[in-house]
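Peer 1: What follows is each chain in one-letter form.
There are 2 protein chains.
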Amino acid sequence: MTKKVTITDLAKRANVSVTTVSQILNGKDDRFSEKTVKRVHQLQKEMGYAPDFNAQSLIRRSGHTIGVLVPNINNPFFSRFLRGIESVAMDNGYIPLIFGSNNNQKLESYYLFESIRRAADGMIIASAISDVSYIDNILNQNGIPYLLTDQAPITEGDKVDVNNYHGGEMLADYLIKKGHRDVTVVTDKQPTLNLHQRLVGFLDMFKRHQMAIPNERIIETDLTKLGGYHAAKSALATKPTAIFALNDEIAIGLYRGIHEAGLRIPDDISVVGYDDIDLAEYVTPTLTTIHQPAFEMGESAAKLILARIQDQKRAFQEVSLPIELIERNSVRDIRS
Amino acid sequence: MTKKVTITDLAKRANVSVTTVSQILNGKDDRFSEKTVKRVHQLQKEMGYAPDFNAQSLIRRSGHTIGVLVPNINNPFFSRFLRGIESVAMDNGYIPLIFGSNNNQKLESYYLFESIRRAADGMIIASAISDVSYIDNILNQNGIPYLLTDQAPITEGDKVDVNNYHGGEMLADYLIKKGHRDVTVVTDKQPTLNLHQRLVGFLDMFKRHQMAIPNERIIETDLTKLGGYHAAKSALATKPTAIFALNDEIAIGLYRGIHEAGLRIPDDISVVGYDDIDLAEYVTPTLTTIHQPAFEMGESAAKLILARIQDQKRAFQEVSLPIELIERNSVRDIRS
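So the protein lines, in turn, are chains E and F. Quick note on the numbering used here: the first sequence kicks off at 1 and runs consecutively. Quick note on the numbering used here: the second sequence kicks off at 1 and runs consecutively.
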């Protein structure tokens, strides 16, 4: 039970009427003396008066809030993505309600309902583990627009597109040109659409070069550093000259496992990742990877959802963002 | 303008009265047939009906929300800390409203006000950059209890204590025993209280051994990987045998700078960090550091603030959590 500073408290201290304070704080200040206007604004800051949001949002049925669901705020890709969302949200007077589901379906469901209860105007959902149809059902019935970034929507919708298929192709092409044929892939147990496309692009490129990668060279694990670390043994058992980690977190886990096995990167084995998280430049050797514009992806997602909130009937938009192969020091050229 | 599923919609579909639905959802279901109770609960899930929070919170003046302000959600220490808060909050039907201030004072102030507007019942503030007296003023006037984790409160308050002074001492003692005398420290430009204590504990231990560390061996930078990377040159210029990085993020940045300078850790130079973020086990060599129980710190902070929300008059509590030196491979024994 908090007792907030009210507009009446402020008016009393300023020695003016509540109406005066209200008008001044709403920018209708031309009827008042400069001194009064200044005093009211100053007192607002000093006293920490914040207009009651719930009263406003009850009328408007808008919490000026965007619910954001990510699998793991510990992954630097998502912290950058969240920063992009935050920056656009703030410019528009919204705040993001950030939830990390930690791959826990119960938690995810709890957060979905809490977002609705707290009058979220829209949602951005990255890598949900629940069925898309479940999410669609819940949000649609509540008239809350949403945007999925890593999965295909049930129906047509706004989209932030980065060409994952092409990203996979680029990495495969790069490894092939460096002479790698015996390549092993470490991927997620339950890949979302974006990861799946990444994988298929990679595999297709090898196929096109008549070097199809057999199933036993595809290792499944969790999409984390620990997952990569645990997968290192099985990956090394396939005797590859190079490993493609479906994201940088896995790659960094592989680094650890490879070091512990007494092997050196890239002398004994090459590694490529995906995402270009900041750590990719801090590991030894620095990691060759695909740069994803995580911050811009967050910005675009926030812009699209805000536009959709303003006008639910507008035509669907697709924003396409470029990716780039960043060549660092984790791949050896093995053509002799 | 969202159009949420209402209790009337649900009652219509269930073919019962609004009162019936309300009573069933509030657990007063003994008057109704098992079939009706089951049907109402099932429809609630199917239709995604979530009771309107703002109506409730307007009456109770409680948003069942804890505002949480951290400097940087990109630092794994804070993501673990946030997970601890989240887990306790959820068990108590609260949600954390998470804000990363990114060392931007304007953003921090915006978030403070938004937390008040959104009826936060309490706040947990880690490493704020604003004046504590400013925060105290704003929150106190709004009757919102808060807990500072990295700074000294203005007045007495609840506390989550980890003994930073002792942590600094332990690292110094460890380095001294390994024969290090020429030690350089890389610290934050504007250290918060916890960092300051860490530093003083470290310096005091060297003084006690008649090996006081001169000022020119104390390098200031930002508390990030990039900060550590940028500080590497100046740190190496002081010709140390070991460097104490005030947190692991700085240590990882130093690793990069040290590698680029063509030196090897620990053969040419030793490094110790502080926090024991998960990465400390993934860098090469693995990093010797002080383990901070980040998850438990988050849990304790959440428990204390929830208890304070329930009873603003209860006696102040202090929870003391243990730290531990984790010896890995980044320090060389240089006693000959």
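These aren't lab readings, by the way, just hints derived from the structure by calculation. Warning: the hint list may mix true and false statements.
When chains are identical, the list treats them as one kind, so a pair holds in a single copy or across two.
[As the list claims (entries may be wrong)] Cross-link-like lysine-lysine pairs, in silico, DSSO-like; alpha carbons within 30 Å at most:
| no. | residue 1 | residue 2 |
| --- | --- | --- |
| 1 | 28 | 38 |
| 2 | 177 | 38 |
| 3 | 45 | 35 |
| 4 | 189 | 239 |
| 5 | 45 | 159 |
| 6 | 303 | 106 |
| 7 | 38 | 313 |
| 8 | 28 | 178 |
| 9 | 313 | 4 |
| 10 | 177 | 106 |
Peer 1: When the structure is checked against the list of hints, which entries are broken? Sort them ascending.
Peer 2: 2, 7, 8, 10
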